[in-house]
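Asker: With mature numbering (1 follows the signal peptide of the UniProt record, and there is no 0) as the guide, the letters of the sequence shown map in order to residues -21 to -1, 1 to 378.
Please note: incorrect hints may appear among the correct ones.
[Claimed, not checked] Quick list of simulated restraints, FRET-style, between CB atoms:
id, residue 1, residue 2, range
1, Cys318, Tyr193, 39 to 49 Å
2, Val324, Asp280, 39 to 49 Å
3, Arg213, Ser172, 19 to 29 Å
4, Asp248, Arg213, 12 to 22 Å
5, Asn272, Glu323, 11 to 21 Å
6, Thr150, Asn187, 17 to 27 Å
7, Asp266, Asn187, 15 to 25 Å
8, Thr286, Ser124, 35 to 45 Å
9, Thr174, Arg322, 35 to 45 Å
10, Gly207, Gly151, 36 to 46 Å
11, Asn209, Asp280, 37 to 47 Å
12, Thr174, His350, 20 to 30 Å
To be clear, the hints were calculated from the coordinates, so they are not data collected in a lab. Built from N, CA and C at the ideal position, the CB exists for glycine as well.
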Amino acid sequence: MFNITVIRWILPLPPWKSLLCLLSTIFSSRKSIGELDGDTNTEDTAANGKVPAGTHPETKPGVQPGSTLPARMLERHHQISNGKRSASKISGLVEVLRTYEAIKITMAHFIQRWSGWVGLLLKRLTWAPASTRVSTDTTQPSQQSIICVGIFSTVHRLGDVVRKVPSPSDTGDFPSNCKAIRNEAQIYSLLGSHTRIAECLSANPTDNHIDLHYYPNGTLLDYIKTQGDNISGRRRWRWGQQIIEAVVLLHSHGIIHSDLALRQYLVDDRLDARLSDFGASAFPGHDALGLENASHCLPRDFDQPNTVESDLFALGSTLYELGTGVAPYCDLNDNEIACQYAREVFPDVSGTFCGEIILQCWKRNFISAEHVLSSYNTLLKPDFKDTPFLLCRIIANGS
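Produce the entire structure from the sequences given, and follow the hints as far as they go.
Answerer: Listed below in C-alpha cells is the structure:
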C-alpha cells in the first residue's frame, strides 16, 4: 500500500514518470477499496444455518464444514467472524485514508514542482504565428477611436492595438476597400514577424480588419517634424539604412509597396523604423490597387503594373524626406511635379544627406533594393554621422 514516504522518490523523477506513479497509486487505492467491499460476499447466511465451506473456526469431531451446527455454536461463530471482519475493515479504511492523504500531498508537490514546465508546454501548444494571432482586445471601434482615415481604410486605436477596417463609401468603393484589407492581411502573413515591419497581432484574410501594435512615437515623418532639432546624424543615418532594409525585405517576397513615403514608416519603442500600410501593394498573383503621391511617383504608363523600378524611385523621395523633413517639390502642385519628373528635372540634392543615393534612385541607376543598400553603406559620409538635423535642412534648402 502507498504511504507518504513514496513522495521522497516520486518528486525527483521527470514529470511524466511522476505522473505515471501517481496514476498507479490511485489505481491501487481503488483496487483496495474494491477488495474491502468484496469481503461482504463471504458473510455467513444465518437463514439456512450453514457455515460456508473453508471458513469454520472451530471444527468439531464428526462435523464437516458446511454442515448444520447447533444454534448456540452457530451464534458464537458469527460473533467471532464479524468481530474479525469489522477490525479488518476499519484497518483497511484507515490505510485507504492514509493513501489518499499521501496522494493529495504528492499532487500538491507535483503541481508546485512542475507547474512551470506544464505552463511552458501549454504555451507551446497554443502558440500561433504573429501573422495569424487574434487580438484579445474586445473594444469595438467607434467614431471617437479614429486616429486616421485613408483611401482604403479607417484606423482606430483600441488601447495598445490599432485596428484597420475598410473605409465606408457612398460611391460604391466599399468592396475595393475590403479587398485592400484582405490583401494587406495576406502580405502580413507572407512577411511574418520582422523588426523592419510593423508588428501584426491579427491578420486573417477572411476578416474585414487588421490589428497592429500601437506605436506611441507615431510615423517617422511626424517624429522628425517634432523632434528634428534633437536628432543626431548617426540616428538619421540608421533610419536611412532601416528604410532601405524594409524595401529589400519586401522585394525578396515579390511584394511591391506601391506607396513608399516617410509617413509609411512607424517609430517603435527603440526608435527603430518599421514599414507599414500595404493596402495598395502588389504581391504574387495580385496587382497593386494604387500608386504613390506625385512627389514620389515615377513617370510611367499607369496602365502597366507597378514595378521594382517604381518602388526605388519612391525610395529616393523617401530618403529625401528623411534628409530634409519635406517632400520633393513640396511647393509645387501635382501636375507641376509630374512635368518636372517627366523632364528628369529633380530637386537639388547637393549637400543633402545621402544626396548621391537619392539622385541615383530618381535617375533609375539602381537595379534592386540590395544595390541601393550596398551603395548606401559604401558611400557613407562620416561628416554626416554627427551633423545636427537642423543644419542638414539649412544646407538642403539653401538658406
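Asker: Given a hinted range of 20 to 30 Å, is it respected by the beta-carbon distance of Thr174 and His350?
Answerer: 22 Å, holds
Asker: Falls inside 37 to 47 Å, the C-beta gap from Asn209 to Asp280?
Answerer: Hint holds: Cβ distance 44 Å, inside 37 to 47 Å.
Asker: Range first: 17 to 27 Å. Now tell me if the beta carbons of Thr150 and Asn187 are that far apart.
Answerer: Given about 19 Å between the Cβ atoms, the range holds.
Asker: Can the suggested window of 36 to 46 Å be confirmed for the beta-carbon pair Gly207 and Gly151?
Answerer: 42 Å, holds
Asker: Is 35 to 45 Å a correct range for the gap between the Cβ atoms of Thr174 and Arg322?
Answerer: 40 Å, holds
Asker: Could you see if the CB distance from Arg213 to Ser172 stays within 19 to 29 Å?
Answerer: The hinted range 19 to 29 Å holds for Arg213 and Ser172, with Cβ atoms some 27 Å apart.
Asker: At the C-beta level, are Asp248 and Arg213 separated by a distance inside 12 to 22 Å?
Answerer: 19 Å, holds
Asker: Val324 and Asp280, beta-carbon distance inside 39 to 49 Å?
Answerer: 20 Å, violated
Asker: Is 15 to 25 Å a correct range for the gap between the Cβ atoms of Asp266 and Asn187?
Answerer: Cβ of Asp266 to Cβ of Asn187: about 21 Å, so the range 15 to 25 Å holds.
Asker: Has the hinted range 35 to 45 Å been met by the Cβ atoms of Thr286 and Ser124?
Answerer: 37 Å, holds
Asker: Using the beta carbons of Cys318 and Tyr193, state whether their distance is inside 39 to 49 Å or not.
Answerer: 40 Å, holds
Asker: Do the Cβ positions of Asn272 and Glu323 conform to the proposed distance bound of 11 to 21 Å?
Answerer: 19 Å, holds
The structure is inconsistent with hint 2 alone, although it conforms to all the rest.
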